[in-house]
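**Q** These are the residues of each chain, in order.
2 protein chains.
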Amino acid sequence: MNTPLYRQLAEHYLSAIQSGTLRPGERMPSVRRLMQQHEVSLSTALQLCRWLEAQGWLEARPRSGYFIRTPRRLTVLAPAAEPATVRQIDPAQYVGIHEKVSAIIAKGQRKVSVNLARATGAPELYPHQQLRQLATSLLRQHPTLLTKAISPGGNPELRAALAKRALDVGISTAASEVVITHGCIEALNLALRAVAHPGDVIAVESPTFYGLLQVLESLGLKALEIPTSPHTGISIEALELAMQTYPNIKAVVVVPHLQNPLGSIMPDSHKQRLLHLCEQHQIPLIEDDSYSALTNGDKIPTAIKHWDKTGNVIYCASLHKIIAPGLRIGWMLAGRWQARVSMFKYAQTRYNEELSQRMMASFLQSTHYERHMRRLRQHLQQQRDKMAEAVAAYFPPETRLSMPDGGVSLWVEMPPECSSQAVFDAALERDILISPGLLYSNSNRFDHFLRINCGAPYSDKLDDAMRTLGHIIANQQKRRAA
Amino acid sequence: MNTPLYRQLAEHYLSAIQSGTLRPGERMPSVRRLMQQHEVSLSTALQLCRWLEAQGWLEARPRSGYFIRTPRRLTVLAPAAEPATVRQIDPAQYVGIHEKVSAIIAKGQRKVSVNLARATGAPELYPHQQLRQLATSLLRQHPTLLTKAISPGGNPELRAALAKRALDVGISTAASEVVITHGCIEALNLALRAVAHPGDVIAVESPTFYGLLQVLESLGLKALEIPTSPHTGISIEALELAMQTYPNIKAVVVVPHLQNPLGSIMPDSHKQRLLHLCEQHQIPLIEDDSYSALTNGDKIPTAIKHWDKTGNVIYCASLHKIIAPGLRIGWMLAGRWQARVSMFKYAQTRYNEELSQRMMASFLQSTHYERHMRRLRQHLQQQRDKMAEAVAAYFPPETRLSMPDGGVSLWVEMPPECSSQAVFDAALERDILISPGLLYSNSNRFDHFLRINCGAPYSDKLDDAMRTLGHIIANQQKRRAA
Ligand SMILES: Cc1ncc(COP(=O)(O)O)c(C=O)c1O
Ligand SMILES: Cc1ncc(COP(=O)(O)O)c(C=O)c1O
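Residue numbers (UniProt numbering), protein chains in the order written: chain A, 1 to 482; chain B, 1 to 482.
Please keep in mind that the hints were generated in silico from the structure rather than gathered at the bench.
Treat the hints with caution; some may be incorrect.
Identical copies carry no separate label here, and so any pair may be met within one copy or between two of them.
Unchecked claim - 20 Å max Cα-Cα, derived DMTMM-like pairs, lysine to aspartate or glutamate:
1) Lys250 - Asp385
2) Lys250 - Asp447
3) Lys478 - Glu417
4) Lys107 - Glu177
5) Lys111 - Glu157
None of the values given here were measured: they were computed from a predicted structure.
Extracted from the complex, chain A is given alone in its bound form (with noise of 0.2 Å):
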């Protein structure tokens, strides 16, 4: 059977868009000059269009004619499933991640040209105009606050904003609880520290983010991987199993909004099963928060903090994600442990920079702040959106991505032939970082999928880098096929 007309040219088009020589966005050429060029009728021409529109190359936009788009194919991708959650745990042990990590660093080191490895959003979605004014108007206010010997304990304004902030999340305390530190990452190991000794278990979700991994390494801990719902967060099921076969759990971690990778949401019934759980079984939970303020909607999450009677819950966060990715400021409420975790605090890093604390405090108490999050929220809800349509325009079919409820990041899982270190290798070749899911766990569990960073605004270079990602992948799968 022959090819008809139309769709010999509309695969001809379907091409250029491809390969980027039409760009979305951009607009088609009108039905009056495809019949010219092409010499064909009117009937050809608008079948050609109608056709690449039904299949959602092209958009018709009244009296304007038809623009390039990447087709909303995210329905036509299957949601990431489940984990299994009987299947045998991994007997917890040291498995090197650290090297791991530092490889992949070292080689992301070198300058690329798109960066989707990052946690972050793009610099120009946080406040750098008011905090830059902040900056210049603190230093004239007092002109010795970069000389001056830092007053111990955190700066009180900040701590008494944080305290206000947590309020948001359900959690009132007083500022006087509040430790500053040296980002969520330092809390994670000042918490550690504080409930384990080398040597000692503990439970975490399974995938998570290598920088929790890293300090469990670095502190001689070992992690035992609990399964994870890309939908639900952790399950209760599994770690009460796991805390009946390992006696020596002594902390569980995790970060029940927007986790990270998997951009999962714990449920609140979720959460207050498993602080019963670790009450229960007295062990330590950590909770880390570190991305909640990015949920999509002007309802922040409830921490899990919020339910803590018992002091057994050590709450970390951090405003590096959510306000200024160039500073460095985190924050903790330690629960029992406050008076150890600061004293921690004082002999690991001393206090943080006054500047930083006095810009985040003036920050968090004016009305920027609630204007900057909304506004941050609705950016990283569309850039998302414009991401997954190019996974589901670029990516091959058998993907399986399952949209979160906000934050910086989707989580893509590949076709299983695929292995995120060659995908990275070839991108990095390509000049694009990614970050492969071989560094969400201490198995290999996670070695065909991708954590894509969506901070940035959809622009053709990230167009270009997606569909390069996907003719990567698409020939991965094909030479691993064969």
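Chain A is already provided as a structure; the job is to place chain B with the ligands on it using the hints.
**A** Here is chain B with the ligands on its own, set in the frame of chain A:
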């Protein structure tokens, strides 16, 4: 025998001086005025003044008359004693230095009128104006400096500038070897974590700064205190003996230049012996060089790292005390442990904030740096002299003190009856904060010592505080002796 009239009058003026009614630097009433006021002869008035002058309380200035001063009685004070190197070395043990330090820090958190507990200079002695200008111009040049994700590995310009500074202390290194840290304290944490495990024994100077004792305790390491000379630093003989006695020493930590609190500077020959001893026993040597740039004169002492050919020395330093006490920029060269330390740094706190790093890079590269250091050294020398004179004038005659060859503090040995804790408490009641000797050892060996900050320009307020301290100590001495 009757006290002659001139002596009676002299005692009257002396008590006015000692009570602060007449202050150093003020003019003494003229001879003519004394004659009128006390209705005495010219010769009596002259005798009065000459006697006070002979005692060191007055200074004759040509054509201006007599001025009050505090007597330069330093030669009267015995210098610090050498430690007994053959004494029994304390069994390494947990003694709760954390609790001691936190109790002291907690008490000292209230606002005091005179803070003599610091280990930095006054804010005005540092280049606040240049730093402010640098900050503002960096923010102007790089509008998103505060909101851009920090690039991994530390700012390249700062690393290069520090590699260049390392030449000042005789170390030739590459920028890529420099690890930027949150102050020297983080460098020490990383160094110790790299070479030792909980339960290991670390040899340290005795006395040593409490920050180090806290780090050891917080990491589960045991401090083995080695007798240390106030003049030449750690006793190599005692250390050698310790190495033979304790097979599980996993590192030696020394502050070879302007040791905190002693102020001692190791002779080069000692440094080389120490280096070889450590190499021979295959024990890593951690060199804390926080203060060397504050040594009198323009020749900074040579770092032990200079002679290190095997990478066995981990060099730790900081800009906190020499350029900007409001910033937390430290750095280190980790020798054989470079990779391990870099990864620990990443896992512990990620990287320092970009703005601070760039400020320091620009400042170090500017001509301001050398000029600032020269001025700072001169100011500190004057201030130490003034404070030492005050100790000589106001503290009991049994007080011992050796003048350090630089730095920001004096290590004062009170009469043996005194307790630094009691002096701390009494001083705090009078709104004066001092650093009690009990913090500088896990034993009680230094409880009759105080570390006194000399960071601020001498003033009436400081003079009052020193006089008050002198009273407190004298009272203690009397009460305890009774
Ligand atoms: C879940 C989670 N926790 C903590 C961190 C580290 O946060 P910070 O940059 O505030 O140290 C990250 C960063 O990627 C993260 O994803
Ligand atoms: C000898 C010594 N090392 C390290 C430190 C800590 O230095 P930084 O403030 O750079 O962390 C101090 C501070 O008192 C010190 O005296």
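**Q** For every hint, state whether the structure bears it out.
**A** Status of each hint after checking the structure:
Taking the shortest alpha-carbon separations for Lys250 and Asp385, neither the intra-copy value of 39 Å nor the inter-copy value of 54 Å comes in at or below 20 Å. For the homomeric pair Lys250 and Asp447, neither the shortest alpha-carbon distance inside one copy (28 Å) nor that between copies (39 Å) is at most 20 Å. In the homo-oligomer, the alpha carbons of Lys478 and Glu417 lie at most 20 Å apart inside one protomer (9 Å), although the nearest pairing across protomers, at 85 Å, exceeds that limit. For the homomeric pair Lys107 and Glu177, the shortest alpha-carbon distance between copies (17 Å) is at most 20 Å, but the shortest distance inside one copy (40 Å) is not.
For the identical chains of this complex, Lys111 and Glu157 are inter-copy neighbours only, at 16 Å across copies versus 39 Å inside a copy, given an alpha-carbon limit of 20 Å.
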